[in-house]
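Take these sequences, add in the hints, and give me the full structure.
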Amino acid sequence: DAGVIQSPRHEVTEMGQEVTLRCKPISGHDYLFWYRQTMMRGLELLIYFNNNVPIDDSGMPEDRFSAKMPNASFSTLKIQPSEPRDSAVYFCASSSGTSNQPQHFGDGTRLSIL
Amino acid sequence: AQKITQTQPGMFVQEKEAVTLDCTYDTSDPSYGLFWYKQPSSGEMIFLIYQGSYDQQNATEGRYSLNFQKARKSANLVISASQLGDSAMYFCAILPGNTPLVFGKGTRLSVIA
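Protein sequence lines correspond, in order, to chains H and L. With this note's numbering applied, the first sequence covers 1 to 114. With this note's numbering applied, the second sequence covers 1 to 113.
It is possible that part of the hints are untrue.
Listing some non-contacts, in silico: residues in chain H with all C-beta distances to chain L over 12 Å [stated by the list, open to error]:
id : residue
1  : Arg22
2  : Asn52
3  : Glu62
4  : Asp63
5  : Lys68
6  : Ser73
7  : Pro84
8  : Ser87
9  : Gly106
Only pairs whose alpha carbons sit at most 20 Å apart, straight line, appear in this in silico SDA-like list of lysine to any residue [claimed, not checked]:
id : chain 1 : residue 1 : chain 2 : residue 2
10 : L       : Lys73     : L       : Thr24
11 : H       : Lys24     : H       : Ile5
12 : L       : Lys3      : H       : Gly42
13 : L       : Lys73     : H       : Asn100
14 : L       : Lys105    : H       : Gln37
15 : L       : Lys105    : H       : Thr38
16 : L       : Lys105    : H       : Ala88
Source of the hints: derived by calculation from the structure; they are not laboratory data. Just so it is clear, CB atoms sit at the ideal spot from N, CA and C, and this is done for glycine as well.
In structure tokens:
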């Protein structure tokens, strides 16, 4: 079975540009999560969806960040305009949502903003 | 609020020896799941093992076992017969109910030949 698929794996762009990260969750999973990982702050939950509906976006750092889930098989995380401090690894994860089921992570997108 | 504490920023272990990575948690939810993830230097997050709060027995998955002490709110990961490929960051996480996973800050394990 295919796992969580993220694209791109690496992104290098200049400050001020729009960045779009993509995620395809595991088929049948009702929950989708976006995380950001940095050395300083560790793993931070940015936002999560249940059945394509955003449930909690309190982790989104500011209005420059937005996330959508137009259908059960696709989600995007956008940063506009991007800043150097947004450089991090961004993970997407999905799960069936019950407390005995793990979240399965994608391989992450390593984002560098110059 | 849920919280995970991993007190060991880094650990060293000799190849073929066993190692215990500590994890304590705090939650007021009576039903929860505890998870361990491995993050090698390549960056991916790999699920290792799960323990439910009502499980009577400690979870085991191959060389991984979870030393679950509910009264002490601890869920330590034991890796037996360490291998060089076990060198990685290890994260403990708690999932109470249907809320998102709460992760600890991780422990970096280095296996020495």
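Please flag the earlier hints that this structure goes against, numbers listed from lowest up.
-> Going through the list in order, the structure violates hint 9 alone and respects the others.
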